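Quick mapping for you: the protein sequence lines, in order, are chains G and U.
If you read the first sequence in my numbering, its first letter stands for residue 1, the second for the next number, and so on.
If you read the second sequence in my numbering, its first letter stands for residue 1001, the second for the next number, and so on.
Simulated from the structure, these hints should not be mistaken for lab results.
The structure displayed is predicted, hence computed values, not measured ones.
Think of the CB as a built atom: it goes at the ideal place given N, C-alpha and C, for glycine as much as any other residue.
Possibly wrong hints are sitting among the right ones.
[Claimed, not checked] Each computed DSBU-like pair below joins lysine-lysine, with the alpha-carbon atoms no more than 35 Å apart:
{"#": "1", "chain 1": "U", "residue 1": "Lys1161", "chain 2": "U", "residue 2": "Lys1221"}
{"#": "2", "chain 1": "U", "residue 1": "Lys1315", "chain 2": "G", "residue 2": "Lys114"}
{"#": "3", "chain 1": "U", "residue 1": "Lys1030", "chain 2": "G", "residue 2": "Lys103"}
[Unchecked claim] Listed next, the stretches of chain U that the computed footprint assigns to chain G, with coverage defined by at least 3 CB atoms under 8 Å from CB atoms of chain G:
{"#": "4", "segment": "1088 to 1098"}
{"#": "5", "segment": "1274 to 1282"}
Number of protein chains: 2
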Amino acid sequence: MATIKDVSKLAGVSVATVSRYLNKNGYVSKEAAEAIAGVIDKLNYRPNTIARSLAGKKTATIGLLVPDILNPFFPELARAAEDAANEYGYTVMLGNTDNDTAKEQRYLDTLIHKQADGVIISSYTIQPDHLRGLQKAGIPVVLLDNVFSSDSVVSFTVENKEGGELAVRHLLERGCRKIAHICGPLSITSSRERTAGYEAVSTGTDWFTPGLIAYSDFTVKGGHSAMQQLLVSHPDLDGVFASNDLMAAGALKALQEAGRRVPEDVKVIGFDGIQLEMMSPGLSTVAQPIYELGKTAVDVLIGLITEHPDIPEDKVFPVSLTVRQSTGG
Amino acid sequence: MATIKDVSKLAGVSVATVSRYLNKNGYVSKEAAEAIAGVIDKLNYRPNTIARSLAGKKTATIGLLVPDILNPFFPELARAAEDAANEYGYTVMLGNTDNDTAKEQRYLDTLIHKQADGVIISSYTIQPDHLRGLQKAGIPVVLLDNVFSSDSVVSFTVENKEGGELAVRHLLERGCRKIAHICGPLSITSSRERTAGYEAVSTGTDWFTPGLIAYSDFTVKGGHSAMQQLLVSHPDLDGVFASNDLMAAGALKALQEAGRRVPEDVKVIGFDGIQLEMMSPGLSTVAQPIYELGKTAVDVLIGLITEHPDIPEDKVFPVSLTVRQSTGG
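Can you make the complete structure from the sequences, with help from the hints?
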């Protein structure tokens, strides 16, 4: 009997794309849809992935590990993963690892012991050998936010460096002439890349000095105090790029407390694209495709669970600019 | 051999208190500590709850179901439950039921199938017969936010009505003379009780009319549009009590957009006590003891898992006023 993998190969598209096509669930290009439909006809493939995946398992479960449940990015990611998983008849069990390797390992042990069907891991700290237990137990993995140079696991990330460049160029276009940067933890790859994006555009300009970079920790409080420091050392700054939205929100608050008008005196942009509807002024940001990330991770993972195809290629998702009042609306 | 239940009975304190004492983990009054120490001596009780609970179970797991992962209240609750569970060597698997009874039931089935050791359920919608499967499987349950008039399950709630009264009285003390109310979904008991608190203080005053109550949905967007409506129907209002912090944040934003100064022209207070550090002005609120709720739920659940005592009494936790800039600081 033909499998989803056969369809994928003959149609020249990924298993995830076939899965999206079959479930009418997510974006499939017109050409891909036509190719898939042709192959399905030719192979007389019966798309009963869901029924088959459920037949052997009474309670199909996916584990999703996130590094910080208090950052709204991760509840939003979880919500997206859940929506996708529910369409396949799977439930998502969420674990908050708190950036703690020991806690992460305990969750992985639990997921192995409780026989999760697959695991999505968003982690800043995970290393290839931490996945051995899962691999031994035959439990497929999709990694988010972290890339191993390895063929044995699929990783999804976003264009972090390009996003940093996008943020700084946007501030320059809006008339900023001295742009500070609040950077996140240097232990986190995506954080380093966003800062590299800032540096790529700033270095060599007449206004740049390394003192315009303030180091912080991805929290509102951290962004608030980093902004206070920057206002003392560089009172003439007129733009701020923070490496995540929570720090940007803290920076906004510090600017308001210091009597600086946003966006008139200082323009602010964050990174992530989380829902911060309560912010006034609204926060401009470099948005990650959070919903698509969560959904694609599930699509690919279900493909790995139900069809055991080859490990798909890693994928880097594009980011996009969301312009709100904090950079002039 | 003496059990934790024996210690609890003889010392005249709850199993949770003994558990907190044994684990040096959370508040135990001096008198309770002395009583427990005396009984432990007398019974020669060996406090090896943790070792025993772990001996039979390689991966001790608690399920925690929450109704809305996008409301920061629930990630904060999860974080507290996790801290407590980790001290006992347990991991917490989180499920977001999205206020959807079918999804809730699927999670409960999964937790039964995966043999969770116990489940904490925060739910607006759950009914006693939804718990039958867990009870049949011998899996203990602690309910949050919902009380069954039943001895077979323990429930924790907070003083919702008293909290509503507290909020309105605080606004009156701060000089408000026409206080509007943004109420949450009427299907939710705690939401109805908060509104009952508002009514108890407001009804019979010379300024009250039922039109001062705007119905909304516990979201930022919902609070925002409810506030816009209220400003049209009651442009002379000078105080707002919203039944949760997210709606209060939306109301603040609508007031700022309408050019009303907070707190000078209009004072605003919410309910929940979630971390909204990015708000400017800072939001006054009726704070639930979120951390204590999560922690106590785990303490009691672990007691039920490891010692099978009688179902403890339901408990109503007190709320407290947190005064910030939005009501005058």
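Going down the list of hints, with the structure as the test:
1. Under the criterion of a C-alpha separation no larger than 35 Å, the hint pairing lysine 1161(U) with lysine 1221(U) is consistent with the structure, at around 24 Å.
2. Our distance criterion of 35 Å between C-alpha atoms is met by lysine 1315(U) and lysine 114(G), whose separation comes to about 32 Å.
3. Restraint check for lysine 1030(U) and lysine 103(G): the C-alpha separation of about 33 Å stays at or below 35 Å, so the hint holds.
4. With a cut-off of 8 Å between beta carbons, the segment 1088 to 1098 of chain U has 7 residues touching chain G; three or more are needed, and the interface restraint holds.
5. Note: the segment 1274 to 1282 of chain U has 6 residues with beta-carbon separation from chain G under 8 Å; the three-residue rule is met and the coverage holds.
Checked against the numbered hints given earlier, this structure breaks none of them.
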